[in-house]
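With chain D fixed as given, assemble chain B onto it according to the hints.
Those protein sequence lines, which keep their order, are chains D and B. Its first residue numbered 1, the first sequence is counted upward by one per residue in the numbering used here. Its first residue numbered 1001, the second sequence is counted upward by one per residue in the numbering used here.
The reader is advised that the hints may include incorrect statements.
Selected chain B positions facing chain D (Cβ under 8 angstroms, derived; list incomplete) [as the list claims (entries may be wrong)]:
#, residue
1, Glu-1126
2, Ala-1127
3, Pro-1145
4, Arg-1221
Just some of the chain D residues that point at chain B, by a computed CB distance under 8 angstroms [said to hold, decoys possible]:
#, residue
5, Gln-78
6, Thr-79
7, Phe-88
8, Ser-95
DSS-like mimics (lysine-lysine), calculated; alpha carbons at most 30 angstroms apart, straight line [stated by the list, open to error]:
#, chain 1, residue 1, chain 2, residue 2
9, D, Lys-30, D, Lys-83
10, D, Lys-302, D, Lys-274
11, B, Lys-1222, D, Lys-119
12, B, Lys-1222, D, Lys-136
13, B, Lys-1012, B, Lys-1191
14, B, Lys-1222, D, Lys-120
15, D, Lys-181, D, Lys-233
16, D, Lys-83, D, Lys-120
17, D, Lys-136, D, Lys-114
18, D, Lys-30, D, Lys-119
19, D, Lys-114, B, Lys-1222
20, D, Lys-282, D, Lys-267
Please keep in mind that the hints were generated in silico from the structure rather than gathered at the bench. Just so you know, even glycine gets a beta-carbon here, dropped at the ideal spot from N, CA and C.
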Amino acid sequence: MIELRHLTKSYGKGTHITTALNELDLSVEKGEIFGVIGHSGAGKSTLIRCINLLERPTSGEVWVDGVNLTALNTKALQTERRKIGMIFQHFNLLSSATVYDNIAFPLRLIHTSKSSIEKKVNELLALVGLQDHSDKYPAQLSGGQKQRVGIARALASEPEVLLCDEATSALDPQTTDSILKLLLDINKRFNLTIVLITHEMHVIQSICDRVAVIHQGGIVEQGAVTDVFLKPKHVVTRDFIRGESDNSELFKQAMSGDYPLKSQVLKITYLGGKTYESILSKTVRETGVDFAILQGTISTIKDTPYGQLVVRFEGDPEDIVVTKDRLIQQGLEVEVMG
Amino acid sequence: MGGLDFSLIDWKEIATAILDTLKMLGASAIFTIILGLPLGIILYLASRSSSRRVNSVYVVLSFVVNILRSVPFIILIVAMIPITREIVGVSFGVLGTIPPLVVGAAPFFARLVETSLSEVDRGVIEAAEGMGASTQQIILRVLLPEARPGLFAAMTITIITLVSYTAMSGQVGGGGLGDLAIRYGYFRYEKEVMIIAVVLIVILVQFLQMAGDRLVRHFTRK
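Pulled out of the complex, with its shape left as it was, chain D reads as follows (with noise of 0.2 angstroms):
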């Protein structure tokens, strides 16, 4: 749906270069709710505003659904874009038009007739539960319902492809999970191919199918949200991540105490429907060794439930071994800590 091919942009000339994105590809497929994570500074917001060609890259190619935006002349790519709509941080609504006059906009440049616009436009208030303040203003609405009316907007011209620009970095905790999950619902109702950045591991664990890490203008890492949320390979990654749950302090001091010499960590994985089997408890049952959990998590990536354990197991090595062996041959990730 939308690729993204050796994109490269820099800012300024001579020795003043600064290079925000470097030889840059990305796939993103039809239909999936693709992140990008990074740290402010990292080139993510250049990177979803070169998909639609707010930013134009200074070399390399943009395709959306078949067509190589970046070939385009002007006139052409005011056609291309409306297929790609587009939320961001601040809402950027219209603050002299109501939220019904906010959401008709898009409909208004392309000269749709009043009786369409209407009902349309209706619809987008029912889809994202704003019936009831159509003719206030952006400024007597709150944060949540302002992006609210960006997604009403965005989605007006009824596009294959929505692009959120950090679209909850200025909501609180509670707002966030609502957008987030009206965004879910708006891509599985249209099958409507959604790419997010953003600076916050949770909103990728929510929502998102897949993902890409970015870091100095370059992907260092992507692929399946739960690949990538449980083994973390490069260091960025391992740090948004610990930035989503920090107890590494804790979790140094468990590791550090005196414990006997016939123990053994694990850290065990385990994914989807084995998050609920009691594996662990039936397996030390039959093996004979104790274990104490040293940290854990279990929780869900989009709709997935999972749970990552590390575990100190005491006993007869041998024991040990054969415990391991057991998980392994049921399915769960197991991994040598210590």
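Same frame as chain D, now just chain B:
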């Protein structure tokens, strides 16, 4: 004060002066807006363009605007006499004052327009661009509506400036209240007419400012 005698005042002359002032003001305000608004929009767009050629247009336009704004109005009137005659056929009277008034005020108004437009949130313009709006649509549907309160404030300031400019138009026999005040009060020491003319000008300015403020308030949504 002693010796103020209002009984000898020719009220008919004052009525004519009021009418002349309003005519000059009305006509020059309309043309100032017609010329100054697009000029302000062009200044705004040219200053933000990424094309170097358009940027040089800005430099030239900006320079011309600055020159016109720095020439004292009284000199502008005299300097423009041949051009004025070319445009309206005469270089005196109410009609003869309108071209210099417009040339004096339009660049001023254009600068105020440019400032109001540059206060429009950059993000909103970008959002419209992202929705496939053309430059024309961005001007008509985003920039002008969003800048509306600022534009009405700019019009108010410009029209009030025009009121004081009309006072100088006596130099080309333009007539009006300001001219009356100068002729009677300054040249003939007849304070009564001068006082009345000045009071009327004050009332006019007060009224314009109030009307302008109301419009600004009416369209402010923030």
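Against the structure, the hints:
no. : hint                    : in the structure
1   : Glu-1126                : holds (6 angstroms)
2   : Ala-1127                : holds (4 angstroms)
3   : Pro-1145                : holds (4 angstroms)
4   : Arg-1221                : holds (5 angstroms)
5   : Gln-78                  : holds (4 angstroms)
6   : Thr-79                  : holds (6 angstroms)
7   : Phe-88                  : holds (6 angstroms)
8   : Ser-95                  : holds (5 angstroms)
9   : D:Lys-30 / D:Lys-83     : holds (13 angstroms)
10  : D:Lys-302 / D:Lys-274   : holds (16 angstroms)
11  : B:Lys-1222 / D:Lys-119  : holds (28 angstroms)
12  : B:Lys-1222 / D:Lys-136  : holds (12 angstroms)
13  : B:Lys-1012 / B:Lys-1191 : holds (17 angstroms)
14  : B:Lys-1222 / D:Lys-120  : holds (27 angstroms)
15  : D:Lys-181 / D:Lys-233   : holds (29 angstroms)
16  : D:Lys-83 / D:Lys-120    : holds (16 angstroms)
17  : D:Lys-136 / D:Lys-114   : holds (20 angstroms)
18  : D:Lys-30 / D:Lys-119    : holds (27 angstroms)
19  : D:Lys-114 / B:Lys-1222  : holds (28 angstroms)
20  : D:Lys-282 / D:Lys-267   : holds (18 angstroms)
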